[in-house]
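Start from the sequences and build out the full structure, keeping to the hints where you can.
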Amino acid sequence: MKPAPFGYAKARSLDEAIGLLGQQPDGVKLLAGGQSLIATLNMRLSEPRLLVDINGLHELSGIRLDNDHLVIGAMTRQVEIERSADIARHAPLLAKALPHIAHPAIRNRGTIGGSIAFADPAAELPACLTALSAEIEIAGPSGKRTVRADDFFKGLFETALGPQDVLTAIRIPTALADHRCGFDEFARRLGDYAIVGLAATARANGAGLKDVRLAYFGVGATPVRASRAEVALAAGDLDKAVASLSGDIDPQDDVQENAAVKQHLAGVLLRRVAKQMTEARS
Amino acid sequence: MKITDDVPSTLTALDRPNSYIGRSVPRPNLARLTQGRGHYVTDVTLPRMAHVAYVRSPHAHARIVRIDTTAAKKMPGVIAAVTGPELAKVITPWVGVLTHLKGLKSAPQSAIAIDRACWQGEAVCAVVARTRAEAEDACALVQVDYEELPTVTDPETALDAATHVIHADLGDNLCFERSLDVGTVDAAFAGSDAVVETTFVFGRHTGVTNEPRAIVADWNPGEQRLTVYHGTQAPHMMQNLFAKHLGLEESQVRVLTKDVGGSFGIKVHTYADEMAVVALSKLLKRPVKFVADRIESFVTDIHARDHRVKAKIGVMNDGTITAFEIDDLTGIGPYSVYPRTSGIEANQIVNLTGGPYACPNYRAHTRVVFQNKNVMCQYRAVGHPIACAVTEGLVELAAAKIGMDPLDIRRKNLIADNAYPTGSASGLKFEALSHHASLDKLVKMMDHDALRAEQTALRHKGIYRGIGFASFIEVTNPSAAFYGVGGAKISAQDGCTIKLDAQGAIVCHTGVTEQGQGAEAVIAQVAASAFGVAIERVRVITGDTDNTPYGGGTWASRAAGIGGEAAWQAGKALRQNVLAVAGSILQAKPETLDIRDSQVVDAGTGKERIGLDEVARIAYFRPDTLPPGFQAELMATRHYVPRAFPFSFTNGIQASYLEVDTDSGFVKLLKHWCVEDCGTVINPQLVDEQVRGGVVQGIGAALYEQCVYDERGQMLNGNMADYLVPMASEMPDIQCGHVVSPTADSELGAKGAGEAGTAGAPACVMNAINDALRPLGAAPLTDMPFTPGKILRALGRVS
Ligand SMILES: Cc1cc2nc3c(=O)[nH]c(=O)nc-3n(C[C@H](O)[C@H](O)[C@H](O)COP(=O)(O)OP(=O)(O)OC[C@H]3O[C@@H](n4cnc5c(N)ncnc54)[C@H](O)[C@@H]3O)c2cc1C
Numbered sequence: 001m002k003p004a005p006f007g008y009a010k011a012r013s014l015d016e017a018i019g020l021l022g023q024q025p026d027g028v029k030l031l032a033g034g035q036s037l038i039a040t041l042n043m044r045l046s047e048p049r050l051l052v053d054i055n056g057l058h059e060l061s062g063i064r065l066d067n068d069h070l071v072i073g074a075m076t077r078q079v080e081i082e083r084s085a086d087i088a089r090h091a092p093l094l095a096k097a098l099p100h101i102a103h104p105a106i107r108n109r110g111t112i113g114g115s116i117a118f119a120d121p122a123a124e125l126p127a128c129l130t131a132l133s134a135e136i137e138i139a140g141p142s143g144k145r146t147v148r149a150d151d152f153f154k155g156l157f158e159t160a161l162g163p164q165d166v167l168t169a170i171r172i173p174t175a176l177a178d179h180r181c182g183f184d185e186f187a188r189r190l191g192d193y194a195i196v197g198l199a200a201t202a203r204a205n206g207a208g209l210k211d212v213r214l215a216y217f218g219v220g221a222t223p224v225r226a227s228r229a230e231v232a233l234a235a236g237d238l239d240k241a242v243a244s245l246s247g248d249i250d251p252q253d254d255v256q257e258n259a260a261v262k263q264h265l266a267g268v269l270l271r272r273v274a275k276q277m278t279e280a281r282s
Numbered sequence: 001m002k003i004t005d006d007v008p009s010t011l012t013a014l015d016r017p018n019s020y021i022g023r024s025v026p027r028p029n030l031a032r033l034t035q036g037r038g039h040y041v042t043d044v045t046l047p048r049m050a051h052v053a054y055v056r057s058p059h060a061h062a063r064i065v066r067i068d069t070t071a072a073k074k075m076p077g078v079i080a081a082v083t084g085p086e087l088a089k090v091i092t093p094w095v096g097v098l099t100h101l102k103g104l105k106s107a108p109q110s111a112i113a114i115d116r117a118c119w120q121g122e123a124v125c126a127v128v129a130r131t132r133a134e135a136e137d138a139c140a141l142v143q144v145d146y147e148e149l150p151t152v153t154d155p156e157t158a159l160d161a162a163t164h165v166i167h168a169d170l171g172d173n174l175c176f177e178r179s180l181d182v183g184t185v186d187a188a189f190a191g192s193d194a195v196v197e198t199t200f201v202f203g204r205h206t207g208v209t210n211e212p213r214a215i216v217a218d219w220n221p222g223e224q225r226l227t228v229y230h231g232t233q234a235p236h237m238m239q240n241l242f243a244k245h246l247g248l249e250e251s252q253v254r255v256l257t258k259d260v261g262g263s264f265g266i267k268v269h270t271y272a273d274e275m276a277v278v279a280l281s282k283l284l285k286r287p288v289k290f291v292a293d294r295i296e297s298f299v300t301d302i303h304a305r306d307h308r309v310k311a312k313i314g315v316m317n318d319g320t321i322t323a324f325e326i327d328d329l330t331g332i333g334p335y336s337v338y339p340r341t342s343g344i345e346a347n348q349i350v351n352l353t354g355g356p357y358a359c360p361n362y363r364a365h366t367r368v369v370f371q372n373k374n375v376m377c378q379y380r381a382v383g384h385p386i387a388c389a390v391t392e393g394l395v396e397l398a399a400a401k402i403g404m405d406p407l408d409i410r411r412k413n414l415i416a417d418n419a420y421p422t423g424s425a426s427g428l429k430f431e432a433l434s435h436h437a438s439l440d441k442l443v444k445m446m447d448h449d450a451l452r453a454e455q456t457a458l459r460h461k462g463i464y465r466g467i468g469f470a471s472f473i474e475v476t477n478p479s480a481a482f483y484g485v486g487g488a489k490i491s492a493q494d495g496c497t498i499k500l501d502a503q504g505a506i507v508c509h510t511g512v513t514e515q516g517q518g519a520e521a522v523i524a525q526v527a528a529s530a531f532g533v534a535i536e537r538v539r540v541i542t543g544d545t546d547n548t549p550y551g552g553g554t555w556a557s558r559a560a561g562i563g564g565e566a567a568w569q570a571g572k573a574l575r576q577n578v579l580a581v582a583g584s585i586l587q588a589k590p591e592t593l594d595i596r597d598s599q600v601v602d603a604g605t606g607k608e609r610i611g612l613d614e615v616a617r618i619a620y621f622r623p624d625t626l627p628p629g630f631q632a633e634l635m636a637t638r639h640y641v642p643r644a645f646p647f648s649f650t651n652g653i654q655a656s657y658l659e660v661d662t663d664s665g666f667v668k669l670l671k672h673w674c675v676e677d678c679g680t681v682i683n684p685q686l687v688d689e690q691v692r693g694g695v696v697q698g699i700g701a702a703l704y705e706q707c708v709y710d711e712r713g714q715m716l717n718g719n720m721a722d723y724l725v726p727m728a729s730e731m732p733d734i735q736c737g738h739v740v741s742p743t744a745d746s747e748l749g750a751k752g753a754g755e756a757g758t759a760g761a762p763a764c765v766m767n768a769i770n771d772a773l774r775p776l777g778a779a780p781l782t783d784m785p786f787t788p789g790k791i792l793r794a795l796g797r798v799s
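As they're listed, the protein sequences go chains A and B. Following the working numbering, the residues of the first sequence are numbered contiguously, the last one being 282. Following the working numbering, the residues of the second sequence are numbered contiguously, the last one being 799.
It is worth saying that the hints were derived from the structure and are not from the lab. Hints may be right or wrong, so weigh each one.
Claimed, not checked - Residues on chain A that point at chain B, a partial pick, calculated with CB under 8 angstroms: (1) 1; (2) 2; (3) 188; (4) 189; (5) 255.
Each residue gets a CB set at the ideal place from its N, CA and C atoms; glycine is no exception.
Pasting the structure below:
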């Protein structure tokens, strides 16, 4: 299929991008890596009048350390995150998750900002940011603001971004010595969106864990925190954590697997991810 | 060019000096294709060419009340918006029946739906515009009022009295039914020590080609001729059909098929939206192009399989198989596909089930019913994966029941290698098969005993691995028995014309076609060997009804076996003709001469006498120097069709080794083996890659692929994200081996190899999964594809 006709503008500055977004409310879309957007255009699932290309905005790209935070520019390609030594050291969860996202060719173009803004419920990065207690920096017509990942994902493909907002960066607290993380997912084929996935962080607490954050993906409209299971896991009761998942997540049937299978797989993931976190050494 | 000899030649009659037969010659089109210089239909651009896009029915079954194209026609670039009744003035409808499938019936199908859409995706209006994008923009403005009709989706209830009849004129929803009862089935079951009965289910799936279906039709009113650039497997068949339904002579139609980006049987059928393109070109008097996009391909490219088979096997405690019985049911969409029909897959299942085994008692029943889903028809290995999975599934279940090793039960029952010629209970004739030799070779290749030991050791550690087998037979090199006898104008014979050019190189024109499988390479190898030149001196021309001998094209694993033999005979004939010229130049008896590496030589000593370039120069430019009355004939044509057997059966055996994660239900494929016997192996690398590609498609059926429909006839996963084709990361290493039993029906002795992989892979993956889970007491899995959910339910992990 061919996309419906659309205009194209290459933004020269962040302000210009924000300005262009205001020209035709709802009819303008930012173009980042294009790996999700262009497919929706080609399938005519969306028909924007204008694409604003932010690929030239170098200030939106790159990974840097800002005291006790990692700051990742929205336009940073997924491949850069996958290969970054800073990421591996300060946000190892992302390093674990990245190889599961799509295929190398797509990660070469796809951006972290695009993935977060698109907010596919089965995507890895939104769940990772949730598990990492990340913050999302946004620039809009009325200035800049920061939203916590827990508050950013609002619904199916729906985020805290307004129609004139640009996601500019992601801030992640750097991992301390007692930081633990785990990641796993079930996908039929390497690179597919997951049937169910789990991104998790915690702090070591002797042989156990504390401050456990479990963010599931593929089980709801947004990344879903499994709060009961977090408590049980922090209390050292893995079986109880698995059992309590039925109260934490409510996956729906989809074309691959039904809810019961997803619920079961969520439990399998929890055991595997918990093992990663308890067996890890700093 | 690097040529590797990875299989020592076992040839005799073909043992010419410098023979390429049995050598892995790289295909001549490789550099061109890998450099992006292929010429696919998608690449064709003609002056004044317009593009068509279709408005497709969103409903599985609906009456078309009214179509308003006013707004669409006003859109920029739009040339025409054409409905079914308008197009019906240019092209006649067709009915997909064959007389030898007795009782098979279907309804007339039109290029564009006339008053009723019978499946979700059927075209109801065509919009022709300067570009595809403009055509799609205008499609969005075509107003169609539908009145939804009751949908028939479940084959199980399609024949119930209460079910809506899709085509009232047909009286019911039954397309075809066949029964067979051979030997004494009831008595055999009654006398068996054990009987195993189960139901196998095969998901509806489709062939996903790299290049989608594509066609450019160019009606030239000045010439009164239609030229069609078509990504098809069978150019002559399409020439006949385009002519017939446009009311033209075949001589008024030329079909050109250059590079084709994969077919798998998808591109050997009449598609309504392609028939509409030739009609639109005639109507609009200009070239019209249609390239199916991926989304419309999923709801219009033929689907296949989708069978439910209730099956039963009887065995004695010593492993003797006493009887097979099957009851098959399939739903094929609203029309039997033209001209090959949608009854063939079911018919093949009846023919092939139990085929590898010497068991005289066999009962089969199949019913093919209409339903409101996309049409189904022949896809790679037609019927084989189903017949094989049913047979081999039953055999391994029976072995488990009587506590016998799965290889031993096969050794006991496979037709003996010295029993040929013989036949199957269903009436198939086998010239020479090698089930036991293949099995022995497989056992060695896979180091069977070590693998079993490893499997047992790992079970103690809670790791569940399975080993599964599948013996199979494959129909190749079909004679007219497949289609011709049923009245379809599909050529079973094929031809090859070879000419010597003025510098002593040769050009072959062949009726078989290249789909990416390497037919071009095989024809070049055979022609070079038969005639006596280096392969660099051979050019192969395919896919042009104006310029190639009349032929069937590529399907049913026939290109190498049939087209190859025609090339072999043509090469020999041209050699005789050239030697006659050389003999008269050299004053030597032609029988004392031969052609080797572009030189005419003394046959006995190999001494060079005269170069082909010199023979050509004299014959073409100085014929005056040849003896009076002597006419050089430097172009020879030969045709070939198998006559001694209706089909040339091949055989083989596959094995799968895999691990089931019993917590998640995920299957990891560890290794796959296939030993097959396609007779003479012309090009080992091409054969192995055909086997590997076929195995991968079979694995797709076993684990991944399924066109999921809801009860209202809506396909739910018609895109590349949700329809899971097998991908490289999940595929195991696939090791191939060969046993060679050449067919005596041709000098070349080659049978087909294109479908063997697909035929056996689903069965052995299924058997391996069940082998892995048997110690856990899981109910046998017989419902493909085997998704994690199904495995978890079989294990009782999920209810
Ligand atoms: C075959 C395939 C497989 C894939 N598999 C996976 C997978 O397994 N897991 C996974 O997570 N993803 C997967 N993806 C998606 C991929 O990760 C995309 O790259 C990502 O979702 C979007 O990033 P992008 O930079 O390409 O954004 P684009 O496609 O350019 O944009 C996506 C959306 O976000 C908006 N947007 C982009 N950047 C910003 C910004 N800075 N501020 C505000 N809005 C913005 C755009 O306007 C658009 O609406 C897959 C994609 C493909 C094609």
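Results of checking the hints against the structure:
Among the interface hints, the one on residue 1 of chain A holds; its C-beta lies about 5 angstroms from the nearest C-beta in chain B, closer than the 8 angstroms criterion. About 4 angstroms separates the beta-carbon of residue 2 of chain A from the nearest beta-carbon of chain B, less than 8 angstroms, and the hint is met. About 6 angstroms separates the beta-carbon of residue 188 of chain A from the nearest beta-carbon of chain B, less than 8 angstroms, and the hint is met. Annotation: residue 189 of chain A was flagged as interfacial toward chain B, and the flag holds, the nearest CB pair being 5 angstroms apart, inside 8 angstroms.
Checking residue 255 of chain A against chain B: minimum C-beta separation of about 5 angstroms stays under 8 angstroms; hint holds.
The structure shown violates none of the earlier numbered hints.
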